[in-house]
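With the hints as your guide, set chain B onto chain A.
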Amino acid sequence: GAVVSQHPSWVICKSGTSVKIECRSLDFQATTMFWYRQFPKQSLMLMATSNEGSKATYEQGVEKDKFLINHASLTLSTLTVTSAHPEDSSFYICSARDLNNSPLHFGNGTRLTVT
Amino acid sequence: DAKTTQPNSMESNEEEPVHLPCNHSTISGTDYIHWYRQLPSQGPEYVIHGLTSNVNNRMASLAIAEDRKSSTLILHRATLRDAAVYYCIFQGTGNQFYFGTGTSLTVIP
Chain A
1 GAVVSQHPSW VICKSGTSVK IECRSLDFQA TTMFWYRQFP KQSLMLMATS
51 NEGSKATYEQ GVEKDKFLIN HASLTLSTLT VTSAHPEDSS FYICSARDLN
101 NSPLHFGNGT RLTVT
Chain B
1001 DAKTTQPNSM ESNEEEPVHL PCNHSTISGT DYIHWYRQLP SQGPEYVIHG
1051 LTSNVNNRMA SLAIAEDRKS STLILHRATL RDAAVYYCIF QGTGNQFYFG
1101 TGTSLTVIP
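Going down the list, the sequences are from chains A and B.
Counting in the working numbering, the final residue of the first sequence is number 115, and the numbers go up one at a time with none missing.
Counting in the working numbering, the final residue of the second sequence is number 1109, and the numbers go up one at a time with none missing.
Don't read these hints as lab results, they were simulated from the structure.
A few of these clues could be false.
Calculated lysine to any residue pairs in the SDA-like style (CA-CA distance at most 20 Å, straight line) [what the hints assert, rightly or not]:
#	chain 1	residue 1	chain 2	residue 2
1	A	K55	B	T1093
2	A	K64	B	K1003
3	B	K1003	A	G61
4	A	K41	B	R1068
5	A	K41	B	S1009
6	A	K55	B	G1092
7	A	K55	B	G1094
8	A	K66	A	P86
9	A	K64	B	N1056
10	B	K1003	A	E59
11	A	K41	B	S1041
12	B	K1003	B	R1068
13	A	K41	B	D1082
14	A	K41	B	P1007
Covered stretches of chain A, going by a simulated chain B footprint (3 or more residues, C-beta under 8 Å) [unchecked claim]:
#	region
15	37–46
16	95–104
Among chain B residues calculated to face chain A with C-beta under 7 Å, some are [stated by the list, open to error]:
#	residue
17	P1007
18	S1009
19	Y1032
20	H1034
21	Q1042
22	P1044
23	Y1046
24	H1049
25	Y1098
26	F1099
27	T1101
28	G1102
Fair warning: this is a prediction, and the values are worked out from it, not measured in the lab.
Cβ atoms here follow ideal geometry from the backbone N, Cα and C, with glycine treated the same way.
One chain only, chain A, in its complex shape:
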């Protein structure tokens, strides 16, 4: 089956630093990737949708200059949290799909803790 690998699985960083999270589709080409954020005991909140080779589409209320998304190839998308602050601590999850009407495949998430 289709596999999405997300790295790192957890990261601790100091306030003011930047953190990059990678999302790779291992055995399929992901034309579209989605980035979600999940706070404890809450549902997944869509942050942005990225299509390979074009700029990401951010959801309302998500700062595009703070959460930089790059989808440079059909198998890799990255999310960079710039100048992280404690309120950015969350569980970040990526997902990918190859074709329209195909299911989403999710990574195992990245637990970000900003101290």
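For chain B alone, coordinates are given in the frame of chain A:
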């Protein structure tokens, strides 16, 4: 938003069937209904998806109402490993997938 409505929580006895409902009254005629489940501290796992006809796979069955405004995920024999939060979602007009609150399923031994 592509909005779905599900009960917050449900319980089932082990080895009993479970019917998890979902309302999606704003779904368009060409959008697939997707179901995922999530264990704590993990990414969601694909369960099943369908368009109009009922669908079966090794994990579950999906019964879709004739008007497509609701669907039901059926786990034929619940096991302890099926305890999770179950989400039904569909694609919005802008190609996005929005998650609702989901149903937290508790399986009682």
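Now the hints, each set against the structure:
1. Our distance criterion of 20 Å between C-alpha atoms is met by K55/A and T1093/B, whose separation comes to about 18 Å.
2. Of the supplied pair hints, the one linking K64/A and K1003/B is violated, its CA atoms being roughly 24 Å apart against a limit of 20 Å.
3. Using a Cα cut-off of 20 Å, the hinted pair K1003/B and G61/A holds, with the two alpha carbons roughly 18 Å apart.
4. A C-alpha spacing of about 29 Å is found between K41/A and R1068/B, which places the hinted pair above 20 Å, so the restraint is violated.
5. The hinted pair formed by K41/A and S1009/B meets the criterion: a straight-line CA distance of about 13 Å does not exceed 20 Å.
6. Between K55/A and G1092/B the CA atoms are separated by roughly 19 Å; this keeps the pair inside 20 Å, and the hint holds.
7. At most 20 Å may separate the alpha-carbon atoms for a hinted pair to count; K55/A and G1094/B meet this at roughly 14 Å.
8. Restraint check: the Cα-Cα separation between K66/A and P86/A comes to about 14 Å, which is no more than 20 Å; the hinted pair holds.
9. Proposed proximity of K64/A and N1056/B is contradicted: the alpha carbons are some 40 Å apart, above 20 Å.
10. A threshold of 20 Å between alpha carbons decides the hint, and for K1003/B with E59/A the separation of about 15 Å falls inside it, so the pair holds.
11. With a CA separation close to 10 Å, the supplied pair K41/A and S1041/B stays within the 20 Å bound.
12. Between K1003/B and R1068/B the alpha-carbon distance is near 14 Å, which keeps this suggested pair within the 20 Å criterion.
13. Simply put, K41/A and D1082/B have alpha-carbon atoms about 18 Å apart, close enough for the 20 Å limit, and the pair holds.
14. Between K41/A and P1007/B, the direct Cα distance comes to roughly 15 Å. Compliance with the 20 Å bound is thereby established for this hinted pair.
15. Counting residues of the region 37–46 of chain A whose CB lies closer than 8 Å to any CB of chain B gives 4, which reaches the minimum of 3, so the coverage claim holds.
16. Closer than 8 Å: that is the beta-carbon criterion, and the region 95–104 of chain A has 4 residues meeting it against chain B, so the requirement of 3 holds.
17. Look at P1007/B: its Cβ only gets to about 14 Å from chain A, farther than 7 Å, so that hint breaks.
18. About 12 Å separates the beta-carbon of S1009/B from the nearest beta-carbon of chain A, more than 7 Å, and the hint is not met.
19. Interface hint at Y1032/B: satisfied, since its Cβ lies 5 Å from the closest Cβ of chain A, which is below the 7 Å cut-off.
20. Annotation: H1034/B was flagged as interfacial toward chain A, and the flag holds, the nearest CB pair being 6 Å apart, inside 7 Å.
21. Hint status for Q1042/B: holds, given a least beta-carbon distance of 6 Å to chain A, under 7 Å.
22. Checking P1044/B against chain A by beta carbon gives a least distance of about 5 Å; that is within 7 Å, so the hint holds.
23. Of the supplied interface hints, the one on Y1046/B holds, with its beta-carbon coming within about 5 Å of a beta-carbon of chain A, less than 7 Å.
24. Restraint check, H1049/B versus chain A: the minimum CB separation of about 5 Å is within 7 Å; hint holds.
25. Here the hint on Y1098/B is kept, as its CB sits about 6 Å from the closest CB of chain A, short of 7 Å.
26. Because the closest C-beta pair between F1099/B and chain A is about 4 Å apart, less than 7 Å, the hint holds.
27. A distance limit of 7 Å between C-beta atoms decides the matter here; for T1101/B the minimum to chain A is near 5 Å, and the interface restraint holds.
28. A distance limit of 7 Å between C-beta atoms decides the matter here; for G1102/B the minimum to chain A is near 6 Å, and the interface restraint holds.
Going down the numbered hints, you'll see the structure goes against 2, 4, 9, 17 and 18, while the others check out.
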